[in-house]
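Below are the chains, spelled out letter by letter.
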Amino acid sequence: MERKFRLALVGAGKVAQQCHLPAALSLPGVEVSALVDPALERTRAVADDYGLNPYVTAATEDVVGKVDGALIATPNHLHAEAAVKLLEAGIPVLIEKPIAATVAQGETIAAAAAKTGIPAGVGYCSRFQDNILFMGQLIRDGYFGHINRFVFQSGTRGGWSPLSAYNTGKDTAGGGVVMITATHFLDRMLHWFGMPADSQYFDDSEGGPEANAIMKFRFDRQDGATSAVLRFSKTRDLPGGMVLDTAKGHVYFGEEEDSWPVLSDHAGHHLIIKPEGVDDGALSGLDRFQRQLLNFVRACRQGKDPEVPVDEGLASLRLIESLYSKRQPLVEPEQEPLREEVAL
Amino acid sequence: MKVAVIGASGLVGGRLYDRLKNMEGVSAKALVHSSGHVWNLARTLEPLTFVDLLDPDTLKQALDGCSHVVNCSRGNPQVMLEGLDNIIACSREAGIRRLIHLSSSTVYGRDHDVAELTEDAPARPAPGYGRLKWDQDEKVIEAGRKGMETIILCPPNITGHASKFMEEMWSALCTGQLGFVDGGRRPFSAVDVDNLCEAIVRSLQVKMVRRSRYFINDGVAPSWAELVNKLEHLSGRTFDTVPVDEEWLRLVTKKVQPRTSVFKSLKHMVSSDVREALRGDPLLARADKGVRGLVAKLPAGVENQLRRSIEGTIRVSKADLHPPVDIGLTSRQLVQFSYSIENARRDLGYEPVLNWAESAQSFMQWRQEYDERLAGYEDLFEDLAPGSAFA
Numbered sequence: 018m019e020r021k022f023r024l025a026l027v028g029a030g031k032v033a034q035q036c037h038l039p040a041a042l043s044l045p046g047v048e049v050s051a052l053v054d055p056a057l058e059r060t061r062a063v064a065d066d067y068g069l070n071p072y073v074t075a076a077t078e079d080v081v082g083k084v085d086g087a088l089i090a091t092p093n094h095l096h097a098e099a100a101v102k103l104l105e106a107g108i109p110v111l112i113e114k115p116i117a118a119t120v121a122q123g124e125t126i127a128a129a130a131a132k133t134g135i136p137a138g139v140g141y142c143s144r145f146q147d148n149i150l151f152m153g154q155l156i157r158d159g160y161f162g163h164i165n166r167f168v169f170q171s172g173t174r175g176g177w178s179p180l181s182a183y184n185t186g187k188d189t190a191g192g193g194v195v196m197i198t199a200t201h202f203l204d205r206m207l208h209w210f211g212m213p214a215d216s217q218y219f220d221d222s223e224g225g226p227e228a229n230a231i232m233k234f235r236f237d238r239q240d241g242a243t244s245a246v247l248r249f250s251k252t253r254d255l256p257g258g259m260v261l262d263t264a265k266g267h268v269y270f271g272e273e274e275d276s277w278p279v280l281s282d283h284a285g286h287h288l289i290i291k292p293e294g295v296d297d298g299a300l301s302g303l304d305r306f307q308r309q310l311l312n313f314v315r316a317c318r319q320g321k322d323p324e325v326p327v328d329e330g331l332a333s334l335r336l337i338e339s340l341y342s343k344r345q346p347l348v349e350p351e352q353e354p355l356r357e358e359v360a361l
Numbered sequence: 023m024k025v026a027v028i029g030a031s032g033l034v035g036g037r038l039y040d041r042l043k044n045m046e047g048v049s050a051k052a053l054v055h056s057s058g059h060v061w062n063l064a065r066t067l068e069p070l071t072f073v074d075l076l077d078p079d080t081l082k083q084a085l086d087g088c089s090h091v092v093n094c095s096r097g098n099p100q101v102m103l104e105g106l107d108n109i110i111a112c113s114r115e116a117g118i119r120r121l122i123h124l125s126s127s128t129v130y131g132r133d134h135d136v137a138e139l140t141e142d143a144p145a146r147p148a149p150g151y152g153r154l155k156w157d158q159d160e161k162v163i164e165a166g167r168k169g170m171e172t173i174i175l176c177p178p179n180i181t182g183h184a185s186k187f188m189e190e191m192w193s194a195l196c197t198g199q200l201g202f203v204d205g206g207r208r209p210f211s212a213v214d215v216d217n218l219c220e221a222i223v224r225s226l227q228v229k230m231v232r233r234s235r236y237f238i239n240d241g242v243a244p245s246w247a248e249l250v251n252k253l254e255h256l257s258g259r260t261f262d263t264v265p266v267d268e269e270w271l272r273l274v275t276k277k278v279q280p281r282t283s284v285f286k287s288l289k290h291m292v293s294s295d296v297r298e299a300l301r302g303d304p305l306l307a308r309a310d311k312g313v314r315g316l317v318a319k320l321p322a323g324v325e326n327q328l329r330r331s332i333e334g335t336i337r338v339s340k341a342d343l344h345p346p347v348d349i350g351l352t353s354r355q356l357v358q359f360s361y362s363i364e365n366a367r368r369d370l371g372y373e374p375v376l377n378w379a380e381s382a383q384s385f386m387q388w389r390q391e392y393d394e395r396l397a398g399y400e401d402l403f404e405d406l407a408p409g410s411a412f413a
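Order-wise, the sequence lines are chains A and B. Start counting at 1 in the first sequence, then tack on 17, and there's your number in this note's numbering. Start counting at 1 in the second sequence, then tack on 22, and there's your number in this note's numbering.
Because the hints were derived from the structure by calculation, they are not lab data. Treat the hints with caution; some may be incorrect.
[What the hints assert, rightly or not] In silico DSBU-like cross-links for lysine-lysine, where the CA-CA straight-line distance does not exceed 30 Å:
{"id": "1", "chain 1": "A", "residue 1": "K233", "chain 2": "B", "residue 2": "K186"}
{"id": "2", "chain 1": "B", "residue 1": "K286", "chain 2": "A", "residue 2": "K187"}
{"id": "3", "chain 1": "A", "residue 1": "K187", "chain 2": "B", "residue 2": "K82"}
{"id": "4", "chain 1": "B", "residue 1": "K43", "chain 2": "A", "residue 2": "K187"}
{"id": "5", "chain 1": "B", "residue 1": "K24", "chain 2": "A", "residue 2": "K187"}
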């Protein structure tokens with residue numbers, strides 16, 4: 018019988034507790050052997066809550082020799098330090114998205130992965146959703162014909178509250194809503210459409226992490242140009258999803274894990290497009306975090322990179338940094354709207 | 023004056039903090055619970071103080087050096103009650119000169135036979151949020167009796183810039199789920215977030231007050247129909263509303279408390295739902311199997327009678343043929359009166375800075391503030407909007 022895969026969780030904060038730890042504990046071939054976090058008391062309490070007895074430490078290097086792989090879920094600016102240490106010690110890593118807070122940090126990870134040849138990946142969990150895999154295939158296969166334009170938006174009033182509050186600092190998160198939320202779609206977009214030929218970027222940062230961002234892209238594809246506008250917000254609830262203007266009509270693709278593309282054709286018919294054998298829900302029975310971890314474990318055992326290798330994680334971070342470098346304000350200061358007199 | 027704004031990441035707290043920090047002679051401190059909702063503060067690099075209202079030590083530290091406290095916090099019942107106890111105790115210890123507490127007009131309930139309600143009316147809070155706010159008010163009033171300067175402000179629905187309530191209203195209108203009671207003629211009681219901030223600032227500045235609690239709103243209240251007309255005018259759209267019968271609405275919003283009796287409880291104990299849960303335990307499962315074996319030996323008629331007496335007859339709910347309406351929003355029209363702000367005008371010097379129509383405009387401007395960046399793609403974004411063919 019194959020020996021269990023000994024996993025270290027580096028960073029035992031909210032995403033580790035709510036997503037990665039339950040996924041790890043649910044997979045039969047995986048055991049959580051180590052938890053690494055400077056908040057030792059809180060980390061031991063997490064282990065106790067799950068009835069676990071892992072090795073608990075504040076220092077990443079302490080897990081060397083005790084684990085077969087590590088999932089890094091620390092604040093973004095600490096990814097690189099942990100990943101490089103582990104890779105150089107021969108331990109494969111799966112790094113929570115984005116790969117790092119800056120491209121420079123991301124490049125040190127990519128360099129360490131290339132130098133050591135140890136498997137390394139980035140945790141873009143939405144890439145493991147059945148509906149997103151299916152949609153990607155439809156786009157790449159040209160199912161909808163030429164895609165003229167598309168939009169995507171995602172917005173919530175606030176959201177995830179990491180225990181370290183790293184999301185409130187540009188230095189710790191690397192940015193705002195783009196680094197925290199948009200990075201998922203940008204990764205997917207690069208995977209589906211390739212690198213954009215042109216882009217424009219607007220946000221509402223006044224020195225801190227942006228809460229609202231709008232970006233525009235142009236892709237030069239084999240069958241012609243495709244343009245896109247994406248909108249992200251941490252201060253507004255926006256109905257989430259993607260709409261594509263295609264040769265076959267408008268295609269709506271919701272954000273939910275059980276949402277399949279809906280084509281509104283030129284005759285006004287609405288057609289739900291699903292892979293064969295699907296009624297409702299996911300195909301595999303595993304959620305995206307379970308599938309992501311399973312992919313990582315299998316990749317480690319086979320000595321190859323996981324589904325999203327560090328180079329792809331680095332590509333989306335490069336795109337984000339390039340967007341930040343061409344930042345324009347969402348509202349021009351002189352364009353403050355004047356309130357007209359309103360009669361009762 | 024140094025004002026600690028507790029709950030500065032919320033709608034009112036955030037807007038108030040923005041206003042206070044730009045006032046001469048005033049400094050403001052933003053107290054927040056966690057980082058999930060601080061985006062508007064973080065993007066402008068505002069210094070944030072993280073506090074847990076259930077941890078008096080962090081609260082005490084946070085209030086150090088402050089002269090006034092405004093409590094805009096919300097949370098679960100424990101945070102709202104125990105947290106408020108801590109705010110009062112720590113404020114006293116820190117020598118806070120005045121505590122302004124945000125309550126709600128819901129503490130008065132909705133059943134009063136008057137056209138305009140004053141603060142002297144008897145409070146009739148409904149169970150839930152209204153009751154919690156009432157319990158909070160009692161704590162603040164008690165602190166006032168013990169010598170702390172306190173002012174309680176009771177706003178109705180909060181509208182205007184970034185209003186979540188107005189977003190719900192907009193969504194209900196777009197999906198055709200706003201019901202109109204009495205043709206939409208009931209008063210729409212609301213306060214623009216900027217008017218509420220104005221009332222808070224007045225409460226911080228006023229020398230002394232004569233009462234503990236004040237209603238705050240926009241002054242003249244439109245009808246629900248007038249508000250919808252204004253939103254139609256501002257957006258260039260037309261909305262369909264659903265006529266709703268008041269009695270039906272009262273019925274569906276009534277929280278029915280089931281009657282209790284020992285016999286009913288005993289029947290519940292032996293019901294199939296409870297037995298199924300107990301069968302999770304192997305020993306109880308064996309006992310249940312034994313009892314069922316005995317019952318199976320009874321004549322069929324007796325067995326069925328026994329089952330019916332325990333489980334009751336099969337009940338089929340009546341289909342609801344009423345068009346779907348947003349019950350939470352529509353039920354607010356069961357309030358037939360408006361709230362008088364004469365006391366706030368006289369004692370606090372409060373005067374609304376925006377009227378209801380300007381408030382509606384402020385909301386719409388906020389909704390559309392970045393729309394010009396989406397030019398050329400409006401049709402695709404429209405496909406994502408509530409009420410679209412896809413949605």
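Cross-check of the supplied hints:
1. As the CA atoms of A:K233 and B:K186 are separated by approximately 28 Å, the hinted pair is consistent with the 30 Å bound.
2. Taking the CA atoms of B:K286 and A:K187, the gap is near 60 Å; set against the 30 Å cutoff, the hint is violated.
3. Our distance criterion of 30 Å between C-alpha atoms is met by A:K187 and B:K82, whose separation comes to about 29 Å.
4. Taking the CA atoms of B:K43 and A:K187, the gap is near 23 Å; set against the 30 Å cutoff, the hint holds.
5. Straight-line distance between C-alpha atoms of B:K24 and A:K187 comes to about 28 Å, which keeps the hinted pair within the 30 Å bound.
The earlier numbered hint that this structure contradicts is number 2, and it is the only one.
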